[in-house]
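Participant: Position chain B against the provided structure of chain A, taking the given hints into account.
Taken in sequence, the protein lines are chains A and B. Quick note on numbering: our numbering labels position 379 of the first sequence as 379, and the sequence is numbered without any gaps. Quick note on numbering: our numbering labels position 71 of the second sequence as 606, and the sequence is numbered without any gaps.
In short, the hints are calculated from the structure, not lab data. Be aware that a few hints might be false.
Stated by the list, open to error - Chain B stretches covered by chain A per the calculated footprint, using a threshold of three residues with CB under 8 Å from any CB of chain A:
1. 556-570
2. 668-682
3. 781-787
4. 801-811
Said to hold, decoys possible - Keeping only pairs whose Cα atoms sit at most 20 Å apart, straight-line, the calculated PhoX-like set for lysine-lysine is:
5. B:Lys647 / B:Lys609
6. A:Lys281 / B:Lys609
7. A:Lys108 / B:Lys647
8. B:Lys609 / B:Lys957
9. A:Lys395 / A:Lys95
10. A:Lys353 / A:Lys95
11. A:Lys49 / B:Lys816
12. B:Lys827 / B:Lys816
13. A:Lys101 / A:Lys353
14. A:Lys447 / A:Lys419
15. B:Lys592 / A:Lys285
16. A:Lys281 / B:Lys592
17. A:Lys281 / B:Lys582
18. A:Lys57 / A:Lys108
19. A:Lys101 / A:Lys49
20. A:Lys353 / A:Lys281
21. A:Lys467 / A:Lys447
22. A:Lys108 / B:Lys816
23. A:Lys285 / A:Lys348
24. B:Lys609 / B:Lys592
25. B:Lys582 / B:Lys647
26. A:Lys432 / A:Lys414
27. B:Lys827 / B:Lys855
28. A:Lys281 / B:Lys647
29. B:Lys592 / A:Lys57
30. A:Lys95 / A:Lys281
31. A:Lys447 / A:Lys432
In this text, a Cβ means the ideal position worked out from N, Cα and C, and glycines have one as well.
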Amino acid sequence: MVLHIARKEFLNNLLTSRFLIGFLLCLFLIPFSILINIDGYRDQLGQAKLDRDAAEKTMAEVRVYSGLRPVIVLPPEPLGIFGKGLSAQLGNQVKVRLGLKPLLAEGKTAARDNPFLASFFSVDFVDIAAIIFSLLALLFSYDALTREKEDGTLRLQMANSLGRSLLLAGKITGILLTLLPVVILSFLLGGIIVLFSGDLAFSSAEWGRLLLLALISLAYIAVFVFLGLFVSSRSRNSVTSLVVCLFLWVGLVFLVPNLASTFAESFVPIQSRDNLDAVLKDMDKSLSDRLDTAEEKLPQPDWNTNWYMNSGEDGYLEAYGCTASLFERYRLGTALSEPMRLDNADRKWRPQKTYLDSLSRQARAAEKMALLSPAGIFRAVAMAVCGTDRRAQEKRLDDIRRYRETFVSWLRGKNIFEKYEYFTPTPPAQFKNADALVAARSAGRFKSLAEYEKWAASITDFREQWKVLQAAKVPGDKPDDFPYLAIGDMPRFQARPVPAAELLAGSAFRLGLLLFECALFFALAYVAFIRYDVR
Amino acid sequence: MWKTVFRREVQHNIYSLRFALSLALVLAVFVAGSLSFVRHHAADLDKYRESRELAAKAIERAAQSNATVLAVGKRAYDFRPRDNAFLADAKEKYLPNSITFSAWNVFGFANKSGSANPYLARYDELSWAFAIALLVSFVALIFTFDAVSGERENKTLALSLANPVSRGTLLFGKFASAVVSVLAIVVPAVLVSLIILTVSGTASWGWTLAGETAAILAAAALLAAAMCAFGLLCSVLARRSNVSLLLALTVWLLFAIVIPNSSGFLAGNVYPIEPAETVGKRVRQAFDDLNKAAPPGSWMMHSGNPFLPQHELRADLQRKRLAAEKAIRDDYYRAMFRQFERTRRLTALSPIAAFEYLAESIVGGGYPRFRRNWDDLHVYQGQFQSFFTALDSRDPKSPHWINPSEDVSTTREKVSPDLVPKFAERAMSSADRLSAGLPYLAVLGAAAALVFFLAFLLFVRYDVR
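With the rest of the complex left out, here is chain A:
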């Protein structure tokens, strides 16, 4: 009997204009959202490739260990095509430094070349599914009982030997059967577009996650079908039921998530980024002062002149053609500064962590408040399945911070801060003292530094003073004289693929809540229908 009623409902629904328009809406909106996101995904992928190539080139062309600062480029999540989550608003790379633990991803966001475009929001498959599936579920269920009551057919059916439970079960099955083709069509369309896009290739795990998303969509639809039936069984007529359902739809799908974020931002404030930056700057200043004091005690070189020297952020120093004593001065300096820099990074982590915790706390508050709406739950679970939610990003950054520790251990294992290789590839056997260096560069014109300096004091033009030292080329006085560093043994960052079970484990509560809402609204609809006056 249930099947009989379900079949009737199904066929009835198929012939309605709402099915046709709903179907057409999906036919238009789903490809629209997928195409927009494929476009964005391709851009992100292209950018990631450019950045990765640039990072690898930089790493491959390093001659000193102080120049080794790996840049981790985060490729976009393929399933971000379906649920972009936070991926569009986060940077795509993280630089591993000695003096600072990674805070957030840097680099280009999806707004790409024009920062104004960040103010344009965009929807994805998950958003469209959350909007359309709930709307269709409500449109097919709002008048499931009221319409039949108005037509007088409900009374007629009840006059037969038909239990209310059976009738309700039949109606629910009929509505779900009607919506099933819409869900299948949506996912099928999405899958086909991905398959035929040519350059996109999903792994079997990703297809599996997509299937999981389809199953979660069914649970989401069921919640709204039961909600619609509940409203229908508590309303006197279809118009009332429709109006209530539509306002519930706008409230649950559009307002609650915004309300959640607005409230979280107002009542769970984040710390000031300027303040954090100022604190970190002060800590760096203090380190620099301590270093200056400590370096004053180091022995002075016999000739404080570099033939070629380059320095930069995070302890980068590259020196060539110095005297042995200047090289030694640099070595003592880096042996002192780099452990202090690492120690300072550990100290800086405390304010950084407090700031990060405030970001997480606010986001968590918004996520919790969004649980008030089934659409909020659906979006959160879908983002988790797509690997584009906050947790996934936080895990990625934790992995990169762990990688930094491995990288630092590798450097420490080589005792590299105390070695010349940290700032010069020149082998110590080639080091010369100042007199030998002056004699070699001036091609024997001066025998010692003192002789050269005496001569230079009488010359006012700096260029002239310098020119005489270019008389002969001294091997090893510029970078091109040395090969790039062999870093085959350097630990590389490997992005850890997150198994579906782990993704879902974090969302188990939300998934449970979605199923609980299903059961709750079903129970409410059932009880309301049992007590429904069919006359």
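Facilitator: Chain B alone, transformed into the frame defined by chain A:
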């Protein structure tokens, strides 16, 4: 006669369940938005004050070092949180809200890090403009989708037309009454919000706020008119009310979701601009060319001797480098502005998007505010530059070789921070706001008039039986 129709329709609307539900929902959103604004605006202002104090200290340190350090140092002007952001937040926390400049150039702009929580999905704040754009558009359609088809189903349409009332009068009565009913929902919500904001001390009542409130309400009326016209069009397009409802919902989804959310896609594909990498390459190329053309010794450094002849060469080179980079980057910025403006013009096809842009102009925020600050900072930079060059010309110890990037060959005298010209943001005048909002005002007005006219044409041919 139309007054009778109007009165009857208004009464019908006001006593309906949809009116009660709309009122409750709109009131709830306005109250929630106001309470949250009261809370976070104070915190935002505190943070801003803190950050400005840090910036002021940095200026003081630079000025105490010497005037050249102050002139060549890059500084940022960060936009102050707007006091009237409860009217329309204009997505300012996602837009560029910080402009970098020195005495020699306005370098560029960025969205200041920390403006928005990167772990919180981007969202629209519950400002008046958002509530009106989302809910007024929806409620307007809900009030009108069955105005004709519903009455036909109930057989009252034929009855109404049996009286001496023209179709035009009947339709206009329905249209005007729906607009008024929608406004009857918004006005109390606005009043409640104003009470919350005034009592909490967050907003101070004055002519500016009164004008902005009136303008936002007028824009809301226009949006309501446009959406009511679309609702009536859906109603006369279908014979049955549930079909017109589906049409109305489709229209709403198209205007509220599809068009605004395809802006980024449209910008990238319809109005593409050069990638930032290409621009960076062009700048590097220009630098290389200038370096090659520069006389030998141009890069010779000796900061201890300002009068070193090579400093004049390098000052000349640095000025050329600055001018070359500025020309390339300013050109790129203009391309960004064009891309953004054109995309917005395209998406203003949606009355909901047009209303949001109009609201942004009314409150003097968002993009028009950015452009005003961008232009004003260029004027200020000229003043700062004149101030510095005057200071430098008075210093006999300076060689006066203007180098916009280094502290070598201009004055090394200290300067009192109080004497340095300061940049103060000007509020946008009514005329500026009007000129920024005029195109969107026109779009909304035209949409309302054209769609209503179309609905009228169809209604004249509508079979009322």
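Participant: Would you mind confirming whether the straight-line C-alpha gap from lysine 609 of chain B to lysine 957 of chain B stays at or under 20 Å?
Facilitator: The given pair, whose Cα atoms are some 14 Å apart, holds under the 20 Å limit.
Participant: Holds or violated: lysine 285 of chain A with lysine 348 of chain A, Cα cutoff 20 Å?
Facilitator: 12 Å, holds
Participant: Quick check: the segment 801-811 of chain B, covered by chain A? Criterion 3+ residues, Cβ under 8 Å.
Facilitator: This one holds; 7 residues, not fewer than the three required, reach chain A with a Cβ under 8 Å.
Participant: CA of lysine 108 of chain A to CA of lysine 816 of chain B, is that 20 Å or under?
Facilitator: Between lysine 108 of chain A and lysine 816 of chain B the Cα gap is close to 17 Å, so the pair holds against 20 Å.
Participant: Is lysine 281 of chain A close enough to lysine 647 of chain B, meaning Cα to Cα at most 20 Å?
Facilitator: Roughly 17 Å between the alpha carbons, so the hint for lysine 281 of chain A and lysine 647 of chain B holds.
Participant: Between the alpha carbons of lysine 281 of chain A and lysine 609 of chain B, is the straight-line distance 20 Å or under?
Facilitator: 17 Å, holds
Participant: Lysine 395 of chain A and lysine 95 of chain A: Cα distance at most 20 Å?
Facilitator: 16 Å, holds
Participant: Is it true that the CA of lysine 57 of chain A sits at most 20 Å from the CA of lysine 108 of chain A?
Facilitator: Given that 20 Å is the threshold and the Cα spacing comes to 19 Å, the pair holds.
Participant: For a C-alpha distance cap of 20 Å, please report whether lysine 95 of chain A and lysine 281 of chain A respect it.
Facilitator: 18 Å, holds
Participant: Quick check: do three or more residues in the segment 556-570 of chain B have a beta carbon closer than 8 Å to a beta carbon of chain A?
Facilitator: holds (count 7)
Participant: Does the structure keep lysine 49 of chain A and lysine 816 of chain B at a Cα separation of 20 Å or less?
Facilitator: 18 Å, holds
Participant: Quick one, are lysine 582 of chain B and lysine 647 of chain B close enough, alpha carbons at most 20 Å?
Facilitator: With Cα atoms ~13 Å apart, lysine 582 of chain B and lysine 647 of chain B stay inside 20 Å; holds.
Checked against the numbered hints above, the structure violates hints 14, 19, 26 and 29; every other hint is satisfied.
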